[in-house]
Structure formats: structure tokens, C-alpha cells
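Visitor: Sequence:
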Amino acid sequence: MLKMNEDLDGALRRYCLLLKRGEYFEAHEVLEEAWHPLRLRDDPRRHPVKGLINAAIAFEHLRRDRPKSRRAAGKAMEGYLRRIDDSPRWAEARTLVEHLRAVWKI
1198 MLKMNEDLDG
1208 ALRRYCLLLK
1218 RGEYFEAHEV
1228 LEEAWHPLRL
1238 RDDPRRHPVK
1248 GLINAAIAFE
1258 HLRRDRPKSR
1268 RAAGKAMEGY
1278 LRRIDDSPRW
1288 AEARTLVEHL
1298 RAVWKI
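Note that our numbering has the sequence shown beginning at 1198, numbered continuously upward.
Quick caveat, the hints were computed from the structure, so don't treat them as lab data.
There could be a bad hint or two in this list.
To be verified - With a straight-line Cα cutoff of 30 Å, these simulated DSSO-like cross-link-like pairs (lysine-lysine) come out:
{"id": "1", "residue 1": "K1217", "residue 2": "K1265"}
{"id": "2", "residue 1": "K1272", "residue 2": "K1217"}
{"id": "3", "residue 1": "K1200", "residue 2": "K1272"}
{"id": "4", "residue 1": "K1217", "residue 2": "K1200"}
This structure is a prediction, so every number in the text was calculated from the model and none was measured.
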């Protein structure tokens, strides 16, 4: 059954906490639950949120030493995250993107 969470701010906070703890798959799951309502409403935030979901997936592939899958998730992440605006809400996301670009040369 599809889980949905309408609390995007709470999901983003939990996502960041899980990333800091190295719980990448769990971070992906938490944010995906908040992404589904955005997707169904055609909310413009759905793209950057999907990018953050792909970032967590890329970290998980990196941990599991799956370079090909990591690159695919990284490219998907990059495409979605290009849509992040300059609002303070996305500050941590922009920092994450810049870090990933530098480390993974994307």
C-alpha cells in the first residue's frame, strides 16, 4: 500500500537527520512518502524532492560499491535538482548537490 505524508517540512528534517546518520535507504523512504502527494497534485516541489530521493539512493549505491548504479542515480538526481530555486527551504539541498558534484564530478 502506498504511504503518503503531507508534512514535507517534517520529512525534509527527518531525511537530513537520516543522511547524517548514514541511513540512506531510510532517508529515501521517508522522503518518498512526502513526494507522493506532491506528485499527485503536480506540485512544482515534486522535482527537487525526487532529486533528493535519488541522492539518498546514490549514497546507498556508493556504500554498497555499485559504481554503475551510483552514477545512474547521480545523473537522475542532477536532472531533478536543477529545478531547485534560491529559497532558504532548499539551502541544505543546494549544499548537498554541490558536494555531490565535487565528489562525483557530475
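Visitor: Does the alpha-carbon distance linking K1217 and K1200 stay inside the 30 Å limit?
Guide: holds, 24 Å
Visitor: Holds or violated: K1217 with K1265, Cα cutoff 30 Å?
Guide: Holds, because 24 Å separates the two Cα atoms, which is no more than 30 Å.
Visitor: Sort out whether K1217 lies within 30 Å of K1272, counting only the CA atoms.
Guide: holds, 22 Å
Visitor: Against the 30 Å threshold, does the CA-CA distance of K1200 and K1272 hold or violate the hint?
Guide: holds, 26 Å
Hint compliance for this structure: no hint is broken.
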